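Chemist: Could you put the whole structure together from the sequences, leaning on the hints where they help?
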Amino acid sequence: MNYLLNLFIEFLDKHNFNESIGIMIFSILPFAIIAAALVFVVLMLVYAERKILAYMTQRKGPNRVGPNGILQTTADAIKLLCKENIELLHSDKVIFTIAPILAFSSIVVLWCIIPYNAEFHLIDSTISLLFYVAVAGFPMLFHFLAGYASNNKYSLLGSYRALSLTASYSVPILFTLLATIFLADSMDLHKIIIAQEKVWFIIPNIIGFIVFFIASIAELNRCPFDLSEAESELVSGYHTEYSGMRFAMFFLGEYAALFVTAVFTAIIFFGGYQPPFGVYLSNILMGNCRCFNFLIYFEQTFWLIAKSSIIIFLIIWIRGTLPRLTQKSVMNLFWRYLTPISIINLILIILATRG
Amino acid sequence: MPDINIIREHFPNNIIEAGKLDASFNIIEVLSFLKNCPELSFDMLLSIIAIDYIHYNELIYCLLSTHLNESIKVSVKMKNEAKSVTAIYKSAYFDECEIYDLFGIKFTGNPNLKRLLLPQSWAGHPLKKDYILNDERLKWNE
Amino acid sequence: MNKMTLNLGPQHPATHGVLRLIIDLDGEEVVSAEPDIGYLHRGMEKLAETRNYYQYLPMVDRIDYLSGFFYSYAFCNAVEELNHIKVPQKASYIRIMLMELNRISSHLLWFGTYLIDLGAISPIFYAFRERELIMDYFEKITGQRMMYNYFTFGGVRHDIPFFDDVQSIINTIGDKIGDYERLLSENPIFLDRTVNVGVISEKKATEWALTGPNLRASGVLSDFRVNMPIYDDIDFDIVLTNEGDCYSRYLVRIYEMRESIKIIQQCIQWLGQCSSRDLPFLEKVTLKTFPNQEVFSSVEAPRGLSMCYLNSIGGNTPYRVKWRTSSFYSTQILKDILVGVTVPEIMAIYGSLDVVLPEVDR
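Protein chains in written order, with my numbering: chain A, 138 to 492; chain B, 7 to 148; chain C, 2 to 363.
No lab work stands behind these hints: they were computed from the structure. Just so it is clear, the structure is predicted and the values come from calculations on it, not from any experiment. Incorrect hints may have been included.
The calculated label-pair distances, taken between Cβ atoms and stated as ranges, are [claimed, not checked]: (1) Gly381(A) with Arg158(C): 29 to 39 Å; (2) Glu82(C) with Val202(A): 57 to 67 Å; (3) Asp180(C) with Ile215(A): 32 to 42 Å.
We treat Cβ as the ideally placed atom computed from N, Cα and C, and that holds for glycine.
Modeler: Next up, the structure:
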């Protein structure tokens, strides 16, 4: 980004423009790119999930709207925009309105700290991993508030299940990420990726990967942990009373969170934007040609997206296969099995790296 | 067929006509005996059937013995009141509520007799013969 | 103790029809549950009193649309017993084959909907894919996918020209049942949700008059097919388990599908032997007046024992028709076994009892 910024400022100087315009544009431009990418990626993810689940259940999925049904989610979003916002008579109006907005925006914040390639990130911070842990649990709080504010018994049942789930999955995630911090000696996501140059962290931290994967499916409220929005018992759980664009906020927020979780899994365990075996394809293709150096950055983003796509496919696959867990079994699984396993994993890694 | 002689010994006053044991005056004792007697052991009350012969009503209790694979029918003839057998067979509760709902037969001893299939505010008992829907259109199949 | 009254109302994704359960909850635990039925009451019994027997026959399929052949058989058998009509043997074998195919399709539908209640979204599509094979065959034979109107007094309406493709149907279904077992019978999540959930002991099952797979899963050996004379030459086993929980009800139905495949195999063999000879499939009768008699006709439907009581006092309309259906009693037992379970278990228990509302309300 700095290189481009300097180029642009030179260009502006040549034509006698004020250079502060360039700085302004280049401050806003990355956020605009990420916002556009967010909308695009979320729409594509919804389409991908519908298509993958359809093929797993012997159907075809959307295939009418647009070529092969690609525009289906856009059509759905437009339809939801045009729907009536049903106002409840006895709900807590302020919380009822705010909850979906905040549930979506708290996930969008996480898109800003992801290192998309070695140079491009929106917020530079030395504690980005801690930021992820802190913010990733926010949507659950707003799911609870939404269910509480709806003044509907089904929503209430769904929302207090969400609270018990939040308490359960946070602890194993924390201990697994502590293990990563010990392996990488830093909380900065860039440094974590650079520390995986020789060997990806999934090899020393394999137990941590399994624990983190299971706990993050719980964090996303997806099957087999979708007990707070269990369709067959609770008629949509905490978002029963929402209609139109407010429902779309919850829905899209879930898919934005899915992407963020997959990207973080890729960064923390699979080397982030680094290619497998450290071999950059653009180096092979372009040789040592100086002017095409910037292609490496695109390739790094490509590798990041590719790894997270595989993880997203795994998560969707699990949704299509397994039944739902009950609250008792979820608490049993997390507190009796995953938390002790993650603590033991942390101790082993500390001993291995320091002892 | 179950061993009728045991029943005849115990209840000489109850007659067996047309394959059904008539127990209009001592239904509770007959059913308790049929359930508890080890040679007969009719442990399941399959159904209670109500029929409206206009001057009287008849209830038929269909019993099944799962151990011996036998079945027997016990019939009770009465006007509009009957004794409830929910203390002996728990599954009679829904049957009796339905019969009260559709025939108007009241069961004394039933814990909570109320209408089951029709709304609580319905007037009349549809399956009685005098609940005829007086309609010209019903005469077409004669 | 603060109770919250929740209305699992007539409109709910998982109550398989219009059943209303009024549940008092203390947190996630049920304190009391009461079923409220009657939303689908169509007056099947009263309608019989103003129609003659041939006019009532097509309505009988609709008492339980998922197992139409069984109710049709119960009514036809009742009328045949009343008038001492002897049904030709070929018609009996055709009836058995179609009834057992219907049993398989009903169990497949139960399997798909039970699993989607538990949260697994794939098996319902696989189950419906298999059901399509059976329904296509029914359409070839009877012209209808669901309300068949094929059995009649004295036999069946038309001869069956094709029964060779039944062999390929049951081969496919036999393999697929193995697939479903591999997917689910050892799945820890499925086991966690169904083992030791909703245990109905032997005594409780007979007290509340459960029949069919629900009763056999609790360890009571009771299958009405041994009393039906048309099954005399057919060799099949009765599936029993001892535990009485949701998992055993699932196992009983899966194995019952396999037993039905065995029965259909024997029927195909018999029908194949006699295809060269021109055997009658229908005893032509004209029923004018009926004797003054009553008759009880029972059949082992997929959900349990179904009984038809037919009372005629002469004339050509019945005096009283009463249907004893098994889902009526499965709904009654909910009052007893739902006390003390949590909300997810309600769905697991209710789904495993295989309650279909048209049977409950008639």
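Chemist: With 57 to 67 Å as the target window, see if Glu82(C) and Val202(A) comply at their CB atoms.
Modeler: holds, 59 Å
Chemist: Are Asp180(C) and Ile215(A) spaced within 32 to 42 Å by their CB atoms?
Modeler: holds, 40 Å
Chemist: Are Gly381(A) and Arg158(C) spaced within 29 to 39 Å by their CB atoms?
Modeler: Between Gly381(A) and Arg158(C), where Cβ atoms are some 53 Å apart, the hint is violated.
Of the numbered hints given earlier, the model fails hint 1 alone.
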